[in-house]
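K.L.:
The residues making up each chain are set out below.
There are 2 protein chains.
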Amino acid sequence: MFCSARFANCILLAVLFVVAVLPVTAQEKNPVSIMPAPAHVTQGEGEFFIDGSFSITSEGYDEPRLARARQRFMDILHKETGIPFKRAAVVNQSHFIIQTAGPSAPVQRLGEDESYHLEISTTDVRLRAPNPLGVLRGLQTFLQLVRINEKGFSVPAVTIDDAPRFPWRGLLIDSGHRFVPIPVIKRNLDGMEAMKLNVFHWRFADDQGFHIESRKFPLLQERASDGLYYSQAEVREIIEYARDRGIRVVPEFDMPCHAKSWFKGYPDLSAGTDPLQSSAMDPTRESTYTFLASFTGEMSALFPDLYFHTGGDECDAKEWETNPRIHEYMQVHSIKDGAALQIMFTNTIERIVTRHRKIMEGWDEVLQPDTPKDVVIQSWRGPSSLAEAARNGYGVVLSSGYYIDLNQSAAEHYLVDPLGGDAAALTPEQSKHVLGGEATMWTDIVSADNLDNRIWPRTAAIAERLWSPEEIKDVDGMYQRLATVSQKLEYYGPRHRLITEEMLERMSGDPDPDALRVLAAVVQPPRMYERQDLRTFNESTALNRLDDAVPPESDTAREFDGIAQRISSGTATPQDWQQARSWLLLWRDNDAKLQPLLKRSFLTVDLAPVSSNLRHVAEIGLQALDDLHENHPVSAELRQANIDFLKSAAKPQAVLLLMPASSVERLVQATKAN
Amino acid sequence: MFCSARFANCILLAVLFVVAVLPVTAQEKNPVSIMPAPAHVTQGEGEFFIDGSFSITSEGYDEPRLARARQRFMDILHKETGIPFKRAAVVNQSHFIIQTAGPSAPVQRLGEDESYHLEISTTDVRLRAPNPLGVLRGLQTFLQLVRINEKGFSVPAVTIDDAPRFPWRGLLIDSGHRFVPIPVIKRNLDGMEAMKLNVFHWRFADDQGFHIESRKFPLLQERASDGLYYSQAEVREIIEYARDRGIRVVPEFDMPCHAKSWFKGYPDLSAGTDPLQSSAMDPTRESTYTFLASFTGEMSALFPDLYFHTGGDECDAKEWETNPRIHEYMQVHSIKDGAALQIMFTNTIERIVTRHRKIMEGWDEVLQPDTPKDVVIQSWRGPSSLAEAARNGYGVVLSSGYYIDLNQSAAEHYLVDPLGGDAAALTPEQSKHVLGGEATMWTDIVSADNLDNRIWPRTAAIAERLWSPEEIKDVDGMYQRLATVSQKLEYYGPRHRLITEEMLERMSGDPDPDALRVLAAVVQPPRMYERQDLRTFNESTALNRLDDAVPPESDTAREFDGIAQRISSGTATPQDWQQARSWLLLWRDNDAKLQPLLKRSFLTVDLAPVSSNLRHVAEIGLQALDDLHENHPVSAELRQANIDFLKSAAKPQAVLLLMPASSVERLVQATKAN
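Going line by line, the protein sequences match chains A and B.
Each residue of the first sequence is one higher than the one before, counting from 438 in the numbering used here.
Each residue of the second sequence is one higher than the one before, counting from 438 in the numbering used here.
Worth flagging that the hints you see were computed from the coordinates, not collected in a lab.
Hints may contain errors.
Note that the list lumps identical chains together, so a pair holds whenever it fits in one copy or between two copies.
Result set (DSS-like, lysine-lysine): computed pairs, CA atoms no more than 27 Å apart in a straight line [stated by the list, open to error]:
{"hint": "1", "residue 1": "Lys623", "residue 2": "Lys516"}
{"hint": "2", "residue 1": "Lys701", "residue 2": "Lys523"}
{"hint": "3", "residue 1": "Lys910", "residue 2": "Lys1084"}
{"hint": "4", "residue 1": "Lys588", "residue 2": "Lys1030"}
On a predicted model such as this, the values are computed, not experimentally measured, just so you know.
Okay, chain A solo, but in the shape it has when bound (with noise of 0.2 Å):
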């Protein structure tokens, strides 16, 4: 592809062409299956390949956390070759050669340099970048686009400049309704780094406990952690690892409510008569702030990024109302309600994080009239509060939308853009204000055994829709890259693959469990809020079950709606028959051999139903092609009847969607009845 001098034009040129080429085909044929997508690709001819010959070095700027990539980045490609590299590289007979011009900022800061410029011939790779930074991310480019071939290892030739739509990419983890421990937060890391993600938000309390060391107040995580709290010692190991990877460390600790767990130690913060019976810090009490302002002192040393989250969301003003104290003082001070009584106190807070030389950063609540400009909402209400946010003039990260704990698709994740909805009508300036978005990763229904499960491989497509321009949205071909990321993410550090299959083996007690397999293939939790509905979650719930183990969204369940679809609209190809078939013949067959084995485990006896109802639902799927194929008029009542079976099965049973039935339900409702 040749580019003019008329940059803008060669870059509008590029992405035209990366969304034409991307969703045509697997990683074999497309030379940038790759995510995020990078913003401008120009393909070359021919490959590089990769041998026990290959190795970097490194010309101009250079540090000892570039040196620490480049053994990493070694130790990956030797995963995904398994060619024992020489570590010692010849002088002079490298062919990867990286420059880097300078270095960055000492505290990775919001809106730093991310671009990089990779260039990719059959004999030379060079990778440049202003700083570190953008030779992390490059490198992680390189490394996604390695491929096998029947000539070997290699990647294609090409030539990449890259750089992020958004400067605020991030991932929330909450370690406070359950504890993430220090491999599990260090490998999602890993994945981050992989997806170009830059901020992790790490949340430390809850309700539910308290999971940071405070050396001025220790009876916090003494008394409401069961032992399991990060170090002052581990959290700069994560920082440190964090910033090793390009990533910042954002801390919230969520005030004034949300705050239960605080109260174990410190009852006195508590707004409540009875302090463990309230959720909710007392606003009223000089002491509240005392206690507060030496905290965030020590807490706002400990986090070295500019950026401080005090969370403020979903209070409930009955909390306060109803404590006859608290209640005088509104009154004394004229304070209407308890709206207005979460604006004095976010305002004090504001002035104490300000005073340790820190933003502030809080949930959408915060943001009222005299909020100061330079606070950073993040909303999680909806488009119309970050339209709103950014309108006023206040940075704003997007987390509706995002919300990967509520097993939404890939694609819904995908299709929501920072910029889209009621933030389409900002101008420009405005727009400036929308930094970006975080994926929020809640454990409320999530533990840190399947964890992994729940953030990769979707986060990707939220990665991607941060990173890469707004054209690039084909749903389609974002799938076809989202499966060849999501096998490379477990190279880099992830475990979602490997959890889902672990849990399988365990709720079934059998070391290869094929027929639980092909259920778990197309069942997945319900989505939303409907699933804490349907089951109890509280911070001792073993998370154990099916609706745990399988990913938020099915793989082949989605394939098959796509024949589904294409059957039902007469554009299906003679392969979309076939695999139709196939897989109905195997979902109708599954039931017999895995019934007698449900009955085995006390964690897989309540599938029974959902089994044989997917059977049923492959017999009517089989009849229906049948019908479609040779055009066969079917009995009415039976065809209806077959329709309520079909929408009573897709309802959750066992906490479970059975995916086939409302694309066997298009099947029914595409024949004819006579």
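Using the hints provided, position chain B relative to the given structure of chain A.
P.N.:
Chain B in isolation, oriented as in the chain A frame:
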């Protein structure tokens, strides 16, 4: 089972009971489906359930190592169940009580008491042991007993009195040929703990590399490790990690041969006129001994274990005899040949080792008429050399028969008894010198990438041979338990099953390589030293091919062969016939799916004939099944042609053995020619 006061009889009965019960059934029905099988089991009634209220408490002697062991136990129990146990146990509410009588030795000693008594009722668990080592063993027994059933996670009510048969139960990991990273060492120590092994024999150098830090002689690692060596801090960490698991660490520094790597930094040690062309040290120079005395001093201070292994194997006398200077020395000192020169060397080294208050251990070759009686001999040459050493009063450790790098079956290793073969003729007094055995994980044809899949699960069979009563040797029962243990081992640390899966994905470039898995499940790497004849291995060989990926022993092929034996001998069940047919159909039809995929990757392209052979083998097998089932005579020529083909298909191809070929030959041989 009732146990009388005649304790010896009771043990005997229990042993017979175990032997009788084990083969019958899978984990579900068998209360002690664990490895190594305990010495003495009394089955109770009912089971003990594990739920969120489960906790353990300690009575009697306690120490930090025991506290860590309890936490590790709870962490694995969490992995086994997914239950989020409380860390802070409520006093007096625990139903698992550990009673430890007293401490063990500060540095773990050969022959320390490792016995324990585990008593599980439906309401309580008691683990009693004389010292922490027994507690460690008993905790592992409990973890292996955990299973899932229709009522929950539980362990069976049972009373176990257990102690090892041999005091030296080891695994050698060879970090000489190739460096093995610390995390790989650690997870295999976890596996050793689970299998109650108690000696980690750690070999650091060979011709190919020198992989441990010497501070006195830093050029050793600087010149011969490519930067990959264990720092002394890491070594101490591993020693501590092993001690926590009741495992001694015996270091080996092989001398005077296999020593080429030493000469890169210190050429004067070499016996060669060109130092780097020789593998042998020069035993004639005083400076050699000065160096080795100093080096041994440094290393014997680093490793607290009483035993210090100085190798001594496989010297080539020509290395000395062809060097004129050494030749002259031998003439002057009336040393008749290289063997005599090695004796002189060994005796000098033994004095050095003794001076540092260590006991020398060496391979077979160090045993000479005047070798001091406290030297321990590691026998690799075979049963006669072991018996000879024991007869002469030397402590001896068996490794012949336990070479797990040579891809023998678990059954073969299992049936090698340190007191079998020539050693069966030893007197009881002489037998006491037989200390146990060691599995040897040499890395000349294995790397850290596939190490786990060579060690596990087969080493569990060796661990059982060394721990369990001699009478427990039913191979079918062992294999049944091994299947359970193999899955459980991944809870404990080793990644043997995952490694195979990851390597299949990598070599195919396919996230779900179904058809390749079918082929992979029935091939094995060639056995003994044949693999080295078929493929070149050196330290830069990428071990990423199918013969690296598949386990040394195919479970599917072994089970199919059992069925083929029963069919050809007329003892098959209807299930046998059905299973045989179903496998043969799978194999026959797999080739058409697999062939187009194999072409896509340079690592799979040469598997095409193996896959088509499997198809052909299966076709012949299906025909033979029909012929046998209908008692149908077949053409003599066709029968002979099939036998000829099957014999040739059983030979290695693409460095792989196609295991079903010989089983199908059994079927064809059972048909009648007309």
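K.L.:
So, for every hint listed, does it hold in this structure?
P.N.:
Taking the hints in turn, this is what the structure says about them:
no.	hint	result
1	Lys623 / Lys516	both (18 Å within a copy, 19 Å between copies)
2	Lys701 / Lys523	between (55 Å within a copy, 17 Å between copies)
3	Lys910 / Lys1084	neither (31 Å within a copy, 57 Å between copies)
4	Lys588 / Lys1030	between (42 Å within a copy, 21 Å between copies)
The structure is inconsistent with hint 3 alone, although it conforms to all the rest.
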